[in-house]
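Colleague: What follows is each chain in one-letter form.
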Amino acid sequence: MSAGESIVGPILAVEHLTMRFGGLVAIDDLSFTASRGEITALIGPNGAGKTTVFNCATGFYKPSSGRLVLCHGTWPAPEELDTLTQSGRRWAAATGGPVFLLERMPDYEVSARAKVARTFQNIRLFSGMTVLENLIVAQHNPLMTASGWTVLGLFGAPRYKAAEHAAVERARYWLDRIGLADRADDAAGGLPYGDQRRLEIARAMCTEPQLLCLDEPAAGLNPRETSGLTELLLAIRQTHGLSILLIEHDMSLVMEISDHVVVLDYGQKIADGAPEAVRNDPKVIAAYLGVEDEEVEKVEAEIAR
Amino acid sequence: MAVAAAERPATAGRLVAALKDAAGAALLALGLAVPILALRIDQDINNQPVLRPRWDDVALAVALVFCARLAWLLLRWARSGTAVAKPRPVSSGAGGYVAARAFAIVGAVLLVLYPLLMLALVGRAGAIKWIDNFGIQILIYVMLGWGLNIVVGLAGLLDLGYVAFYAVGAYSTALLVHNLGFGFWLCLPLAGIFAALWGILLGFPVLRLRGDYLAIVTLAFGEIIRLVLINWVPVTNGYAGISGIPKPTFFGLPFNASDEGFAAVLGIEFSPLHRTMFLFYVILALAFLTNWVTLRLRRLPIGRAWEALREDEIACRSLGINTTSTKLTAFAIGAGFGGFAGSFFAARQGFISPESFTFMESAVVVAIVVLGGMGSQLGVAIAAIAMIGGTEILRELDWLKQVFGPDFEPTQYRMLLFGLAMVILMIWKPRGLIATRHPSIFLRERRAVRADLVKEGHG
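Just so you know, the sequences run in chain order A and B.
Mapping the first sequence onto the numbering used here, position 60 (from 1) lands on 60, and the numbers just tick up by one.
Mapping the second sequence onto the numbering used here, position 371 (from 1) lands on 371, and the numbers just tick up by one.
Treat the hints with care, as some may be off.
Claimed, not checked - Short, incomplete list of chain B residues facing chain A, as computed with Cβ under 10 Å: (1) G303; (2) R317; (3) Q349; (4) G350; (5) L394; (6) L433; (7) R437; (8) E445; (9) R450; (10) D452.
Unchecked claim - If you want the ones that stay clear, here's a sample from chain B, every Cβ over 12 Å from chain A, calculated: (11) A33; (12) L74; (13) V122; (14) L186; (15) A308; (16) A448.
It should be emphasised that the hints constitute simulated quantities derived from the structure, not laboratory data.
From the three backbone atoms N, C-alpha and C, an ideal C-beta is built for every residue, glycine too.
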């Protein structure tokens, strides 16, 4: 499904990202990279700026400064990137594959062209539409092309019918993957909470993303549903060679599935590395326990005792 | 025995509560009736104002409210005592859809046969009134309702200035006829295109607005168009309006008594009925076209994007849907149908003036869409028939004069009756006549979506 399975290296590079809301600095000079085919987790205490990073990466916010580079193929040479940045364009077909500067793109283009899909912290399904319709709406752009921007579709062109059939097949595949095939014709708003979470992921996957951004996918799930979600995410990564950027508060989930963890606190990166390394980082512990760095050892000693 | 004894005080208590409640309602009625009913100023023979007290009317109104409220409370009380809570049907299933479809087909056939039925029922002389005042008038509003349904019902954008596009269609037809000498059949598509362009023009500035703000700006847009029509006298002739718009022809054959007329060429006796019936079928065809296009669009990506936009705009954008162009197409297509209707209106009336395009018209069309159930084509058609047909029927109720005396003019109570009917309907069916949503695509079985899950849109 993905051309990028054999390609290794970064898929997304966040460089010197700063986001200010008036006087408030939500993200302060943040840089990290997410590698292709890996699950990168973004963690941090409440209000650390995690969702703001997501909103910047998916075009919902325009960052105050910084660069967000996404690449569909092998990572471009620095000269190529500089040329693109100076050209003022939003994307370019570099030698390794198309390169996108996400901070310049409007939100719908980030999904349509740069192939970055996202889910939301508070589920945003089309509740009055059926489960199947939710998955069909996600395939809007290819269907729109097939329907000749509505004109051909209005007269029932066979090309559109074939495209719609293919869209339903894709939807059926994802319904099977998330175990909701029996409820395809029910309203999405009538599903149990856990099913809605999985449906939102399936809907994002129907846009055929290269990078999937999940904003607290396990929030509100019970332990059994969380383990089901873990399996689903690992399986998606395996079969589709997908890269995932994840915000999560459930530490056991983060430690279990992520390959790489970035920790934010007050909009600044305080740790970046493998889950094990991050878990034992005194700065991270301090941020989560809400104490100053110097006091960490004292606190740890107290915990040990 | 003990149970019965225990119940008796409870019964008495409830009776007292009901009486108190009814008395409260009566007091409210008194408060309203005194300023409205109690004093009437008439003119005597010398044109002098005479104050005529009508305290008996006030007393009657208050008594009526008291009795009605008490009866209502007692009835509800009696029913709550006996009725066992009925289980709510979980889903209407595919049956609801089949029934609605069958109903729609029967309705469409009835509409096609309507002029002939009227001819058979009331004869040639009476039929013109029934076909023109009822049939054509209602169908114009059905078409307007269906056009607005795209914007309000599907895309969830509350447009209170829809009459502007109706006016653009009508005036572009009138102006094209007068200045360029175009015929109706050429003006019709042009009017639709012009109205659609105006729809896009309105769409651009309001793209960022939602909810109440969108409603206010669209309302203002409708008023701007009307004021321009009034004040741009050299072009629109202001209040005086534009007259002499030719009626549609039948493939070039005019409907008149001349030798080149429709009747003479076909070798039949001339009758004004021919034109009325022809106009009826023209607007019927236009309305069916609107419906066909809307139903078709709902199954296309653009229609699904409209509905998704109504449900959640941010989710739409996260899925790569360009919400700007999606909203603009909704405005343009809805406006285009309004323009068609306006063009037909101008040709049917032969005369247009800004008086025909007041805010009241927008309000009626919005009311039709809301009463019908937003997004439901069948519901909108039924609501248009009830609202516009109801207005026209009131003119026909002469027998009411025998009940209320010769001074009684039923049309004066039109708005009162409508207000009442709407309040009742909104209590009984708050989401409109047909509130369930039928999905545009299904895997195994078409199940209706419950009204409470469907969003109304946020703007």
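Colleague: State for each hint whether it applies.
Modeller: Outcome of the hint check:
A hinted interface residue such as G303 of chain B counts as satisfied when its beta carbon comes closer than 10 Å to some beta carbon of chain A; here the least separation is about 9 Å, so the hint holds. Taking 10 Å as the C-beta contact cut-off toward chain A, the hint placing R317 of chain B at the interface holds, the least distance being around 4 Å. For Q349 of chain B, the shortest C-beta to C-beta distance to chain A is roughly 31 Å, which exceeds 10 Å, and the interface hint is violated. Of the supplied interface hints, the one on G350 of chain B is violated, with its beta-carbon coming no nearer than about 33 Å to a beta-carbon of chain A, more than 10 Å.
Restraint check, L394 of chain B versus chain A: the minimum CB separation of about 36 Å is more than 10 Å; hint violated. A distance limit of 10 Å between C-beta atoms decides the matter here; for L433 of chain B the minimum to chain A is near 17 Å, and the interface restraint is violated. Because the beta carbon of R437 of chain B sits about 6 Å from the nearest beta carbon in chain A, less than 10 Å, this interface hint is met. At its closest, the beta carbon of E445 of chain B sits 5 Å from a beta carbon of chain A; the interface hint therefore holds under the 10 Å criterion.
Against a cut-off of 10 Å between C-beta atoms, the interface hint on R450 of chain B holds, since the closest Cβ of chain A lies about 7 Å away. The restraint placing D452 of chain B at the interface with chain A holds, with a minimum CB-CB distance near 9 Å, inside the 10 Å limit. Listed as a non-interface residue, A33 of chain B keeps its Cβ farther than 12 Å from every Cβ of chain A; the least gap is roughly 44 Å. Every CB of chain A lies more than 12 Å from the CB of L74 of chain B, the least distance being 38 Å, so the non-interface label holds.
Every CB of chain A lies more than 12 Å from the CB of V122 of chain B, the least distance being 40 Å, so the non-interface label holds. At roughly 22 Å from the closest C-beta of chain A, the C-beta of L186 of chain B stays outside 12 Å, upholding its exclusion from the interface. At roughly 5 Å from the closest C-beta of chain A, the C-beta of A308 of chain B falls inside 12 Å, breaking its exclusion from the interface. Non-interface call for A448 of chain B relative to chain A: violated, since the shortest CB-CB distance, roughly 9 Å, does not exceed 12 Å.
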